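Student: Residue numbers (the working numbering), protein chains in the order written: chain L, 1 to 82; chain D, 1 to 349.
FYI, nobody ran anything at the bench for these hints, they're computed from the structure. Errors might be hidden in some of the hints.
[What the hints assert, rightly or not] Below, computed lysine to aspartate or glutamate pairings styled on DMTMM-like, alpha-carbon distance capped at 20 angstroms:
1) Lys286(D) x Asp40(L)
2) Lys286(D) x Glu52(L)
3) Lys31(L) x Glu19(L)
4) Lys286(D) x Glu18(L)
5) Lys31(L) x Glu5(L)
6) Lys252(D) x Glu53(L)
7) Lys289(D) x Glu19(L)
8) Lys286(D) x Glu53(L)
[What the hints assert, rightly or not] Simulated DEER-style distance windows between Cβ atoms:
9) Glu19(L) x Arg161(D): 15 to 25 angstroms
10) Arg75(L) x Asp56(D): 52 to 62 angstroms
11) Pro23(L) x Pro9(D): 57 to 67 angstroms
12) Gln79(L) x Gln96(D): 46 to 56 angstroms
13) Arg291(D) x Glu19(L): 19 to 29 angstroms
14) Pro216(D) x Thr28(L): 49 to 59 angstroms
15) Asp25(L) x Glu211(D): 50 to 60 angstroms
16) Thr28(L) x Gly34(D): 39 to 49 angstroms
17) Arg291(D) x Glu14(L): 17 to 27 angstroms
18) Gly12(D) x Ser32(L): 53 to 63 angstroms
19) Asp192(D) x Glu53(L): 11 to 21 angstroms
20) Asp38(L) x Asp40(D): 16 to 26 angstroms
[To be verified] Some chain D residues flagged as far from chain L (calculated, every beta-carbon gap over 12 angstroms):
21) Thr2
22) Leu4
23) Val27
24) Pro35
25) Lys75
26) Gly77
27) Thr97
28) Thr102
29) Gly139
30) Ser191
31) Asp207
32) Glu212
33) Arg220
34) Thr264
35) Val294
Remember, it's a predicted structure, so these values are computed and weren't measured experimentally. Even glycine gets a Cβ: it sits at the ideal position worked out from N, Cα and C.
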Amino acid sequence: MAHSEDEILAGLAEIVNEETGLPTDAVTTDKSFTEDLDIDSLTMMTVVSVAEEKFGVTIPDEEVKNLATVGDAVRYIAQAQS
Amino acid sequence: MTALRLAPPVAGSRIVAIGGSRGENLVPNDDIVGPINSSDEWIVQRTGIRTRVRADEGTSVLDLAAAAAEDALGKAGIEPADLDAVVVATVTHFEQTPALATLLTERLGATPAAAYDISAACAGYCYGIAQADALVRSGTARHVLVVGVERMSDFIDPTDRTISFLLGDGAGAAVVGPSDEPRIGPTVWGSDGSLASAIYQTRSWLDYRREELGEPVPARPELAEEVSQMVTPTLRQQGPTVFKWVITNIPKLALRTIEAAGLTPADIDVFVPHQANMRITDQLLKTLKLRDDVVVGRDIADTGNTSAASIPLATERLLREGDARSGDVALQIGFGAGMAFAGQVVILP
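Extracted from the complex, chain D is given alone in its bound form (with noise of 0.2 angstroms):
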């Protein structure tokens, strides 16, 4: 039998460096309160939001996302050219092909890398470290870019009550490259699509078309009073279903992702969850048991929910703004629509 030869495998791998972008404009509570007849205080109170950031109507999924990544690449003194992959995590690309990853790669400079979009909604960036982690470690790309960015303000009702005023717009980006030990854990992940109705599109795009074409519309009985109203799809949650969810899973996956990682609760620096909602961010603290005092991204505040973008985000302000340092022990955890989840320990770079 004829033997194949593989790459040289590598030791390990590292973010070399993290960027973002955020929408232009601070959007305070006051702002969006009347379609939902709610306040500030309600706002605050249940989600610990008090601006969200939301971009010009001009700035698209591909400027923010550009915009994070040669934030990264800049820090991380790696040429656009030297990328072999990038991998962009994204639910707000409205274009089905081609994937937003291969424009961010002609826009950037760093063509013919290979490109492509995942699909894992608010767990999008874990997931793609995840895959930037396997990618250098096979020798099948030296340094890859993984980018979450959403333009959340796309794919919202301004009369949604339950997670519309939540989300914001931006981008982060991480530069991924070899390293002699490792530096990017063990990733531990998985989803529960049994509860994708949890989070949830309010109709596809495919009813939208046949609706335009005027065609027949095939019934969904479980969303028919909500499709009845809508023009056009947006998201949707059953919050008190996703926030126990994810109180009662979350916990046990960060355990798992610090262990696979050879290390105890004790040993974890700066903890960093998907920014969904502070009462979560919150609940997780309080079950996890970290140091007391454990550095916490709370990005959210004033960011908002900004999907596949948030993690990233609330790293690079951490590091930007002197509360973590390079060097530290981070905990990253994303949690999201089809109850996809990933997890790593990372060292900061």
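Bound conformation, chain L alone (with noise of 0.2 angstroms):
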């Protein structure tokens, strides 16, 4: 079943919450992962591991580089499901 955008960046925050202690609330859709966030490549990779397995998607790792922003995951999670 196809998450919507506001349920796959809830998933998103959890997902960054477990890895990095960071509070859910602190992970919205104009953060970038590296400069607010302080996400480095293998925490990202992290995220994207789990998160794939959350939504049941599949991100390319060459993909992963353009996924600056919380906002930009949550858009090509979105389409990546339908």
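Starting from the two chains in their separate frames, assemble the complex, guided by the hints.
Tutor: Right under this line is the structure:
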């Protein structure tokens, strides 16, 4: 079943919270993973791996560098599941 | 039809003893950060490595392998002449032939034992244990020496920011012999060559030879930039790609390995993954849900990533320092280039 963008955002916030300890309300669509959330490339790969499983999508490694903000990731996952 | 006789099967195999040898020099991060414009803090945060061991110029892969093998044979109380086969896992024996295992067999005084090398990168030791277990149980060999050995310092580029700074030199060895009951569980293994470019050699030795001879070198467009800068072939990796592959796939492999041995994660006393990166070890632990008191191999912090040698070296250290004990149930898993992977549950010697 497809998840809405709000559900994807909430799911990503949970994953980021689990992996980094950041509060879920800090994870908003305008935030940059690296600049604002201080997520390095390895933690980003963990977030992507868990998100793939959670939302039933595949995010190719070469796409990950294009996911600069949380909003980019939400939109990519929303499109990938349809 | 003529019936052929087989050797009587053996009930099980076991690791009789584990030995190790490390490069003589403890190289701290501060000694290698210059050419990669990095810092001790960055390397520790990204990898958990504070020092790596590197061998003296005059210490060869054969020297390292022989020292680890003699340590293991001594602990096992087994004479070299009692070895029926010697299996060496390495990617840093820089001669196509003869195999390093044959030289090691002769050095140890184990000739005419069967001897061959296997190329399975960081999974090499677990591949070797898989072979030794099968050789012993089939009656093909009674005692097998398995050695994982690397001089990764011969395969690095000091200016490389992808993998060279992780790597160390050393050897780990296990003597495998027959057992009344299985003390090496079933091997779960495989590979994924579709990711051959995730950990790779910058160019082939054949291309290197062609250039030396002034012959045309076929283009490898995907590596053009690096090839133009390289003198000799060295190792590279796409770190985030490798990291993601490992944390996505290895936990499933680990669970299959535990189940194949008829156990549950709660039965595992000791966890020794390939010492690739402390962040990988931590992430695997998080996913695997082993017991809170599980003992974890973290030799990488001081020894670095020694490829095929890392699992036996980490195990040898846990036993030597008393963190793990004889009879403990250990899960060991190797993974690396070509995405070759293999795991077993073993009872520690």
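Student: Taking each numbered hint in turn, which are not upheld by the structure, reported in ascending numerical order?
Tutor: none
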